[in-house]
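Protein chains: 2
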Amino acid sequence: MEFLRGAAVVGQSGGPTAAINATLAGVIDGYFREKNGSGAVTGLYGMKNGIEGLLKERLCNLGEIFAAPDGTIDEEKKQLLINTPAAALGSCRNKLPKPADDPAFYENLISIFKKYDIRYFFYIGGNDSMDTVAKLSEYLKTSDYKMRAIGIPKTIDNDLTGTDHTPGYGSAAKFIATTMQEIVRDCAVYTTKAVTIVEIMGRDAGWLTAAAGLPKLGPDYVYLPEVPFDMDKFYADIEVAFTRHPNIVIAVSEGVRFADGRYVGEGTQTGVADAFGHKYLSGTGKALELAVKEKFGCKVRSIELNLPQRCAAHLASQTDLDESVATGRNGIEAAVSGLTGSMVSMVRSEGDYAITYEVSEISKIANAVRSVPRDYINEAGNNVNEKCLAYIRPLIQGEVAPKYVDGLPVHFVIE
Amino acid sequence: MEFLRGAAVVGQSGGPTAAINATLAGVIDGYFREKNGSGAVTGLYGMKNGIEGLLKERLCNLGEIFAAPDGTIDEEKKQLLINTPAAALGSCRNKLPKPADDPAFYENLISIFKKYDIRYFFYIGGNDSMDTVAKLSEYLKTSDYKMRAIGIPKTIDNDLTGTDHTPGYGSAAKFIATTMQEIVRDCAVYTTKAVTIVEIMGRDAGWLTAAAGLPKLGPDYVYLPEVPFDMDKFYADIEVAFTRHPNIVIAVSEGVRFADGRYVGEGTQTGVADAFGHKYLSGTGKALELAVKEKFGCKVRSIELNLPQRCAAHLASQTDLDESVATGRNGIEAAVSGLTGSMVSMVRSEGDYAITYEVSEISKIANAVRSVPRDYINEAGNNVNEKCLAYIRPLIQGEVAPKYVDGLPVHFVIE
Numbered sequence: 001m002e003f004l005r006g007a008a009v010v011g012q013s014g015g016p017t018a019a020i021n022a023t024l025a026g027v028i029d030g031y032f033r034e035k036n037g038s039g040a041v042t043g044l045y046g047m048k049n050g051i052e053g054l055l056k057e058r059l060c061n062l063g064e065i066f067a068a069p070d071g072t073i074d075e076e077k078k079q080l081l082i083n084t085p086a087a088a089l090g091s092c093r094n095k096l097p098k099p100a101d102d103p104a105f106y107e108n109l110i111s112i113f114k115k116y117d118i119r120y121f122f123y124i125g126g127n128d129s130m131d132t133v134a135k136l137s138e139y140l141k142t143s144d145y146k147m148r149a150i151g152i153p154k155t156i157d158n159d160l161t162g163t164d165h166t167p168g169y170g171s172a173a174k175f176i177a178t179t180m181q182e183i184v185r186d187c188a189v190y191t192t193k194a195v196t197i198v199e200i201m202g203r204d205a206g207w208l209t210a211a212a213g214l215p216k217l218g219p220d221y222v223y224l225p226e227v228p229f230d231m232d233k234f235y236a237d238i239e240v241a242f243t244r245h246p247n248i249v250i251a252v253s254e255g256v257r258f259a260d261g262r263y264v265g266e267g268t269q270t271g272v273a274d275a276f277g278h279k280y281l282s283g284t285g286k287a288l289e290l291a292v293k294e295k296f297g298c299k300v301r302s303i304e305l306n307l308p309q310r311c312a313a314h315l316a317s318q319t320d321l322d323e324s325v326a327t328g329r330n331g332i333e334a335a336v337s338g339l340t341g342s343m344v345s346m347v348r349s350e351g352d353y354a355i356t357y358e359v360s361e362i363s364k365i366a367n368a369v370r371s372v373p374r375d376y377i378n379e380a381g382n383n384v385n386e387k388c389l390a391y392i393r394p395l396i397q398g399e400v401a402p403k404y405v406d407g408l409p410v411h412f413v414i415e
Numbered sequence: 001m002e003f004l005r006g007a008a009v010v011g012q013s014g015g016p017t018a019a020i021n022a023t024l025a026g027v028i029d030g031y032f033r034e035k036n037g038s039g040a041v042t043g044l045y046g047m048k049n050g051i052e053g054l055l056k057e058r059l060c061n062l063g064e065i066f067a068a069p070d071g072t073i074d075e076e077k078k079q080l081l082i083n084t085p086a087a088a089l090g091s092c093r094n095k096l097p098k099p100a101d102d103p104a105f106y107e108n109l110i111s112i113f114k115k116y117d118i119r120y121f122f123y124i125g126g127n128d129s130m131d132t133v134a135k136l137s138e139y140l141k142t143s144d145y146k147m148r149a150i151g152i153p154k155t156i157d158n159d160l161t162g163t164d165h166t167p168g169y170g171s172a173a174k175f176i177a178t179t180m181q182e183i184v185r186d187c188a189v190y191t192t193k194a195v196t197i198v199e200i201m202g203r204d205a206g207w208l209t210a211a212a213g214l215p216k217l218g219p220d221y222v223y224l225p226e227v228p229f230d231m232d233k234f235y236a237d238i239e240v241a242f243t244r245h246p247n248i249v250i251a252v253s254e255g256v257r258f259a260d261g262r263y264v265g266e267g268t269q270t271g272v273a274d275a276f277g278h279k280y281l282s283g284t285g286k287a288l289e290l291a292v293k294e295k296f297g298c299k300v301r302s303i304e305l306n307l308p309q310r311c312a313a314h315l316a317s318q319t320d321l322d323e324s325v326a327t328g329r330n331g332i333e334a335a336v337s338g339l340t341g342s343m344v345s346m347v348r349s350e351g352d353y354a355i356t357y358e359v360s361e362i363s364k365i366a367n368a369v370r371s372v373p374r375d376y377i378n379e380a381g382n383n384v385n386e387k388c389l390a391y392i393r394p395l396i397q398g399e400v401a402p403k404y405v406d407g408l409p410v411h412f413v414i415e
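One line per chain: the protein sequences are A and B, in this order. Sequential numbering of the first sequence, starting at 1, is according to my numbering. Sequential numbering of the second sequence, starting at 1, is according to my numbering.
I should point out that these hints are in silico values taken from the structure, not numbers from a laboratory. C-beta: ideal position from N, C-alpha, C; glycine also. You may find that some hints are simply not true.
[To be verified] Facing chain A, a subset of chain B residues (Cβ under 10 Å, in silico):
1) Ile-183
2) Thr-192
3) Pro-308
This is chain A alone, in the form it adopts within the complex (with noise of 0.2 Å):
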């Protein structure tokens, strides 16, 4: 494969998760290793606001911001970036067009690319963000310029096929299974009947909500949008709990439909949808709660975990941030090896818990879902099986240690 010299440039896309900035880290390390070994990547630009940013030409000078004084990465900055929140980059969900639509949108994009000498393209993201990189390849096969594009997973939402997990997910999930730990236990205090109805985000997959499922002191039921919601059947599930204990929680995903394709949160809905046409859901969880109320007449509330799922750095998953790092670092290595178009993705091996690095053709995966198979959740249809807890507890090992200045965790932020 042709040595390709250039610079870099990396952007971050779609929602923040925990471990996005650990990926970030990870590209930024194999960046320093690359400028000081092969020396085939010579510079390293951020995108601010992904490619919305770069048509633009808001990037910033992520060789520099991150170079220790002898010209390696700074490990001090580089840690604190891996332990902080969010998009340290900035994001957007912003979509391309087809390159056969709009061939000139695709001819402004490299001229920007040809200004900064920047050969190396990684985006790091989601579905739509994987969309992103698979037109971008397809259009530079048509391109003298000489580019290599690479994808990098992230989402929370751990639907992205190709991939054994997402990085993102497991700090999500420990995060998710650690409140709901938490809140069973501040639900356990009183005698009076109780239902706690716990909404959990994942608009088409159930896996973070699958995550509930793991502490040994969890709640009563799980329910995930992949097996269709049944309100007489949870009535009935409810009725069992309230023979065992007077507390009952619940985890229910935000996305649960019932056998009709309405959304249980459907008429709660914003109206608005975004950029790609997904429905925004809020209210899944307050309508059950509503509905629970007149059926049972005792004291029903619902909590929206919200935000902190995807941003509670303080918490993720130390093997999560681990294997973010490492998908960065890889996307480098593939991409100055010469492969473009192509994803990062985690392999499991079989036995104890490893994961080897390897790439997946980008076309295949963007717009692809995988749900949460059927064979993770139990018959009844409420509540996932060990086979699934067996599949996420690898990915929730290990506890971070941010620095923590004044009580409260430091985090890195780019200006």
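Starting from the structure of chain A, add chain B where the hints point.
Just chain B, lined up with the frame of chain A:
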């Protein structure tokens, strides 16, 4: 003071916190010290669900549960209890009758105490729990039965008088400050105008919401119930913040009220029905979300921090846990030394932060509320000032290191 020998009983009451079990651990630790030291305290029972369980003689033998083979406290169990959120003994919200109104109620209580030779009564809780101790103490003055009753404060609300602060507050404040900092990072990633409103617990006092002001990279505004809420000023504040950046984050107490005394969250309806045809009543955050959406037409969301504020033991303040243990231990010591009708209180030293433990007369404490002083709030009434932060900051210092197994904190459950 007369040497009083007999068993002790301890209960937890009111809303759970991340530190109330640390206080219980302090009481248990104090018991083992006295049992093996002065010999005054001969046994330790736990009331299941506070007074409610005591009346039904639902007691557990904490002296047995926590005994190491050598007769001292089992340090491992003690440490697990310290790091377990909520109330390990269960809680209740019972309010006792006035002794003059219902002496039979107290005669019944005394008969239970006699049955178990209970001479020491410890009640861990907030305002209502101190009221319980005050009433029992009042009755005991008129009784032949020799017994001492001590209140040990806990409330995340920090609104008890007679103590510099309350055990439980520091951990809640650390959670709120850390989570606000993470939410601010999360919200900063997009360039589109957006307002995020975070609703924080505290119906009457703004101490919890004030903690949102701790991070340097914190919310734009912090609104406490101590200042009348004005919609026009609120809108004007948002206008000003938009001149600085597109992503506004606001912390607001659930208890903010308009000048006429109406709660901001009162009687608000979304007007949107859910799948079941319910219309809902919304909270303060939701009410403000809808108002801001209508006024500014931008993306607006509201987040309720909800139960994790009081049960996120994984992020407790080590200072808070240490002080909670100490208040429990001091409760036992105070009772053995002859005190009754008292609450353990914390006194802050001048200069460098340090706490000494004293007692306050409980009848003066019960049912009084301590608010955030006006001079802890800026002139505009839309944020806390450094005087306030300097008061809170020492209380959130120190990170806990709970035991984790399989990626999750281990909780100690008293069956």
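Hint check:
Taking 10 Å as the C-beta contact cut-off toward chain A, the hint placing Ile-183 of chain B at the interface holds, the least distance being around 5 Å. With 10 Å as the threshold, the beta carbon of Thr-192 of chain B comes within range of chain A, its nearest partner Cβ sitting at about 9 Å, so the hint holds. Taking 10 Å as the C-beta contact cut-off toward chain A, the hint placing Pro-308 of chain B at the interface holds, the least distance being around 6 Å.
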